[in-house]
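Dock chain B against chain A, hints included.
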Amino acid sequence: MNYARGIRDGFQYLLKTYPEVFAIGQGLWSPWYVGASMTDLDKEFGTDRVIDTPVSELATTGAAVGASLCGYRPIVIHPRMDFMILAADQIVNQAAKWSHMMGGRASPAVTVRAIINRGGEQGAQHSQALHSWYAHIPGLRVVTPATASDARDLLIASVLCDAPVLYIDNRWLYECESPDSPVVELKLEEEGPRVLRDGSDVTLVGSGYATWLCLQAAEVLAADGIDAEVVDLRVLNPFEPGAVIRSVRHTGRLVAVDDGWQTCGMAGEIIAAVAEAVEPACLKSRPARITLPDAPAPTSKTLEAAYYPTVEDVVNAALAQLGRAPAPKLAKAS
Amino acid sequence: MANPGIWRNEPAAPRAEPETGRPARAPGNAARGAVAMDPPAGNTLGIHDLLARLDSLAEENYFDGPTADATGPARLGALADPRCYRDPLNIAGWGANGLRAMLGGMIAIRETEIALGRLVESGDVVCPVHLAVGQEAIPVGVSHNLDASDRVFGGHRSHGHYLAQGGDLDQLFAEVLGKDAGCSRGMGGSMHLFAPETGFWGSVPIVGATIPVAVGAALAAKMDGKGAVAVAYFGDGAAEEGVLHEALNMASTMKLPVLFVCENNLYASHMDIAQRQPHDSTARFAHAHAVPAMVVDGNDALAVARAAGRLIGESRAGRGPGYLEAVSYRWYGHVGPDENIDVGLRRSAEELAAWKQRDPVMRLGAAMTARGDLTDADIDSMRADAAARAAQAAERALAAPYPEARALFDYVFARRAG
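As they're listed, the protein sequences go chains A and B.
Residue 38 in our numbering sits at position 38 of the first sequence; the count goes up by one each step and never skips.
Residue 101 in our numbering sits at position 101 of the second sequence; the count goes up by one each step and never skips.
Same shape as in the complex, but just chain A:
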């Protein structure tokens, strides 16, 4: 099962099992907008439940919020996260706030699916990964699956959760494979960071595509006799750093990896959580972070190649933690 298939299986399970679930967003009758992640769902479940919309991010998202207040479980799809900013009021001011403002009486159980769709020299407005931005908002759960099984099971958990959830997937992961597994209904409230690979020399922490970078880097490091532990955050808000802290206490070294920008980003949050909780004597070196440079995405081929963090960057950061020289040039990831 690959990641795109995991997403599609999640939709299929939800639409088949729960009549109050529907999907609404741009491009749902034209699957190239959403990769292979929703192929033919409109044919399988009908266009009343898989709804393609006008070019109206704000009204569509608001409509999903309204339907969720009235007992439905809508999933709004934003095929490109950059355009979702047009709907930010409904996500940040409405969905995330209604429970609190209405004393817990209103429950906008809406899932907003945002797709990070970057690369291919698409440039500054077609490349953004804004998970850190939204993770700043109390009341908005933010979920970033990194594996195919999580892509499916965290989608299901998001929709079954009574709070608004921003579910963020990344098209660079769509071909990634996980072993087949049965569908499970997880309680999102109980989900959080998970150790995907055990190790004792250095802790690599990521979420979404950054987790994939960490896993690849761990393979490279293993060939060099270095045991890297990989922690996948999975849920960015509410942020529960316990698994990260436990891991760093064990390894004494930390590389926080994020495919978003550095300033006020998740990588900084990870390091802050460790700095607050881990005794200084436990740390064998200063924590490091690998992120995007604080610049909008370029379109030029050479600039784009330099822009995105690579497996090599993560490997070298881990080697530096161990006082080792950078690795010889690795093949560029993806």
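Hints are supplied without guarantee of correctness; some may be wrong.
[What the hints assert, rightly or not] Chain B side only, calculated, beta carbon under 7 angstroms to chain A, not exhaustive: (1) R185; (2) W201; (3) Y402.
No wet-lab data here; the hints were simulated from the structure.
Using N, Cα and C, we set each Cβ at its ideal position, and we do this for glycine too.
Relative to the frame of chain A, chain B by itself:
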């Protein structure tokens, strides 16, 4: 060509003049062939006049149309002129009990808001309180056609919307005072009201924010298939937000049962509509999206009730959304109990005094006393009762406890509580 966006049961618009290809300007009701449907002149004259105007608007090139000048554009005409529509309402055909309920509803809203204003003046209420005194006919007229299975959404000025749906008075005062017994458990204040048990599904102060939310509630209602409708209340200022356009387009395309109610009180905060829009009627936006629109005197509860009833009836029958523009005027300023007579282009003591002559409560009350449904003493005692109920609710709310400190975190990710 008759405009498809205008109420479809109306008689056809005047035909185009052959020599110009332009529609004839509607000379009045007679030209609409609508005499039989018209109550006597005075109160609803403007409705048909406006419909005709809007028909002709659709044929105009907006860029050639008149633009606002310092004294305001002319689109609403008499509806925006406080020297008009001062007569007692025409209540022929309306039963005394129903009218009494509507009058009582308006009086209750007014006395409640006056009491809330006093709490602001005394310093007991600190949160922003937006009063709608003068606009009571609109929620009372709209809710006349709704029940608890419908889904009403409001904005920053929504005490009346909440009360007209039957929202609890004690819970309103407690909410405005930030008390645990409030309709939003004291977490929202005046601007975040919630009473789904009455069909009032929430108000928030981000301008225009509940317009698409109501569209979603209408989508849910359509999926439910039980004939419920959603109502989005917003003001003329919110008509300047892009989301109204998106929401009208979606609701029209998807044939959703939602009534867009623009309470056009001619001001957004301190800004006269003439400073903000090239036309003073917002129904042109409905026109653009083929949503049937009616423009009424918003200080005539019966005109509002009739127009809302027709549009809601169409929605319940599965024929899509409607747009009701109700023209009114708020007696207080944008926020708080101050009269704000020193803001805007027109707002002055004289203008306010003139609008108070178009008092929605007085006009219905006068018609009822003239017919013998009520005496002046009855109305006085309705007022006194409503004021006493509001005073008692205020007293109870003042004595009620605040939420516990843990409430700050209790509801951030709350589970469905009901």
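Results for each hint:
no. : hint : in the structure
1   : R185 : holds, 3 angstroms
2   : W201 : holds, 6 angstroms
3   : Y402 : violated, 12 angstroms
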